[in-house]
Amino acid sequence: MKRLILIAVLPFFFIACGPKIYKSDEFSSVASTHKTVAILPAVVSIQLRPNQAKKITADDIKNSEQSTGYAVQEKMYGWFLRRDQKKNYTVKFQDVSETNSKLKKVNISYDDLRTASKKELADLLGVDAVISTNINMEKPMSEGAAVTIGLLVGAWGATNRANITINIHEHNKGDLMWKYDYQASGSVFNSTDQLVNALMRNATRKFPYNAQ
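FYI, my numbering numbers position 162 of the sequence shown as 162, with every residue one higher than the one before it.
Derived by calculation from the structure, the hints in this document are not laboratory data.
Heads up, some of the hints might be wrong.
With a straight-line cut-off of 35 Å between C-alpha atoms, the simulated DSBU-like cross-links for lysine-lysine are [stated by the list, open to error]:
no., residue 1, residue 2
1, Lys104, Lys75
2, Lys206, Lys119
3, Lys92, Lys35
4, Lys62, Lys75
5, Lys105, Lys92
6, Lys75, Lys92
Take these sequences, add in the hints, and give me the full structure.
Dropping the structure here:
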């Protein structure tokens with residue numbers, strides 16, 4: 001019986017490779033002047049299996065990438081907000097609704113975020129730095145129900161591998177000040193909640209704006 005239970009729960013575990021972290025030598029001096037940081041919608045790329053690509057249209061994939069990107073942004077903001085109530089951070093985080101409203105007013109679309117200058121975005125948003133997230137999901141869905149409803153309702157289902165990068169760029173020169181690369185595999189990521197929780201539990205331990 002114990003063996004059966006172990007086999008049953010194994011599919012819900014994931015394997016995460018040790019994160020790779022870059023931190024600029026200038027970060028501490030620059031960050032000491034930072035007061036407000038904006039969280040951008042995550043830039044998401046979904047790669048399908050060949051047989052899945054035949055069943056899903058390019059528009060479906062694009063819509064799923066965008067909805068996932070905004071969901072990750074919202075959930076990251078919520079994570080920071082809850083921890084900030086305990087005075088864990090040296091900066092405040094701009095409300096994501098304000099961030100997205102400002103981007104919309106200057107006609108910066110979700111697709112534009114892939115190539116937009118981080119310096120220009122920080123200036124437009126009126127913040128000291130921007131947090132950008134890139135997510136690449138490979139073979140993101142199993143067959144069956146996940147293919148049928150996953151992309152169509154904005155949920156991407158189980159993934160074999162997720163490569164995630166969080167970047168912080170400061171606004172004066174737009175320089176990259178901090179970079180966190182994280183890779184996880186398995187079937188644990190059945191929702192953006194699980195994705196963000198797994199990511200942030202690891203990333204926030206080394207987050208450079210942590211209060212001392």
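Results for each hint:
A threshold of 35 Å between alpha carbons decides the hint, and for Lys104 with Lys75 the separation of about 20 Å falls inside it, so the pair holds. For a cut-off of 35 Å, the pair hint linking Lys206 to Lys119 stands: about 24 Å separates their Cα positions. Proximity of Lys92 to Lys35 is assessed by CA-CA distance (about 6 Å); at most 35 Å being required, the pair is judged to hold. Taking the CA atoms of Lys62 and Lys75, the gap is near 20 Å; set against the 35 Å cutoff, the hint holds.
Using a Cα cut-off of 35 Å, the hinted pair Lys105 and Lys92 holds, with the two alpha carbons roughly 23 Å apart. For the hint linking Lys75 to Lys92, the alpha-carbon distance of about 16 Å falls within 35 Å, and the restraint holds.
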